[in-house]
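Please build the complete structure, drawing on both the sequences and the hints.
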Amino acid sequence: MTEADPLRLLAVHAHPDDESSKGAATMAKYVAEGVRVMVATCTGGERGSVLNPALDRPDVWERLPEIRREEMARAREVLGVEQEFLGFVDSGLPEGDPLPPLPEGCFALVPTEEAAAPLVELIRRFKPHVITTYDERGGYPHPDHIKTHEVSVHAFDAAGDPDRYPELGEPWQPLKLYYQMGFTLPRTRALHEAILASGKESPYAEWLENWDPERDMSHRVTTKVPCAEYFAVRDAALIAHATQIDPNGRWFACPLEVQQRIWPTEDYELARSVVDSPVPEDDLFAGVRSEVVVR
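Position one of the sequence shown corresponds to residue 1 (UniProt numbering), numbered consecutively onward.
Simulated from the structure, these hints should not be mistaken for lab results. Don't be surprised by glycine CBs; every beta carbon is placed ideally from N, CA and C. Do not rely on the hints blindly, as some may be mistaken.
Said to hold, decoys possible - Pair ranges (Cβ atoms, derived):
id : residue 1 : residue 2 : range
1  : Asp276    : Pro101    : 43 to 51 angstroms
2  : Gly249    : Pro111    : 17 to 25 angstroms
3  : Pro141    : Glu62     : 38 to 46 angstroms
4  : Gly249    : Pro166    : 44 to 52 angstroms
5  : Asp163    : Leu109    : 41 to 49 angstroms
6  : Glu62     : Pro278    : 15 to 23 angstroms
7  : Val279    : Glu193    : 20 to 28 angstroms
8  : Pro111    : Ala197    : 47 to 55 angstroms
9  : Glu201    : Ala232    : 31 to 39 angstroms
10 : Ser49     : Ala73     : 18 to 26 angstroms
Shown next as structure tokens:
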């Protein structure tokens, strides 16, 4: 790696604010180390809710799509990352039994071959060495998160193939693909127990009571990135998404110093790699740094 050719990381997310709640401290850490970090935001979050009671007002709802872009711009500055919207429309989170159909033209209904095209173009232009995204469940079952997973895997494979999307630029093969593994049972339980030990009420009690252990993904974690010193940056980026984050809610119920002491990493699963990188790892660029220098 040289100054003229820095390492590059691309984080693919469904909506504005996802980049700040999933892997934000990792991104801030790598930015501080001189890595170029790009966030690809698949949708504009147009069908999101206003989750901060202080902003649940008619004037906010009227401008929500515009406001979410403004919030994204502020979070981008906090994290020090580059960011681009891929141009798709939020699918919303369907509720009810049975679930209602998804809105016509939304991101989740776009055929994967078509939906992956803007991401393939971005990969070929930005040339990331590493890509992060969601697992096959989407991290949680929002249709846009699941679609983001599908599009990311498709684009990872297609971007380096000269026979696919030939009109979208010169081929570029990313070297590693990771799934974010932030919400695991061991992490949640460890934070819960630490809060109780401090004599405070844990916000995770009901969550843990209803947790199905068979749904836990912690056994798939391969990579733990130490980034506790950037948790405050992560929190500042989250707060920048003011309509989406209640500053008095669960996100901030666990004291920062407890998080830094009990679980000082952000965790990932190495899903694909075309370089030699034995696991477990503590660096998303393990096996990549020497490869880039050789190139």
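Hints versus structure:
Separated by about 46 angstroms at the C-beta atoms, Asp276 and Pro101 satisfy the suggested range of 43 to 51 angstroms. Taken as a hint, the range 17 to 25 angstroms is violated for the pair Gly249 and Pro111, whose Cβ atoms sit roughly 36 angstroms apart. Here the CB-CB span from Pro141 to Glu62 is close to 29 angstroms, at odds with the stated 38 to 46 angstroms. The hinted range of 44 to 52 angstroms is satisfied by Gly249 and Pro166, whose Cβ atoms lie roughly 47 angstroms apart.
For the pair Asp163 and Leu109, the beta carbons lie near 27 angstroms from each other, so the given range of 41 to 49 angstroms is not met. Hint check: Glu62 to Pro278, Cβ distance near 53 angstroms, so the stated range 15 to 23 angstroms is violated. Evaluation of the 20 to 28 angstroms hint for Val279 and Glu193 yields a pass: the beta carbon distance comes to about 27 angstroms. In this structure the supplied range 47 to 55 angstroms holds for Pro111 paired with Ala197, their Cβ-Cβ distance being about 51 angstroms.
Roughly 23 angstroms separates the CB atoms of Glu201 and Ala232, a value that falls outside the hinted 31 to 39 angstroms. Checked against the hint of 18 to 26 angstroms, the C-beta distance between Ser49 and Ala73 comes to roughly 20 angstroms, which is consistent with it.
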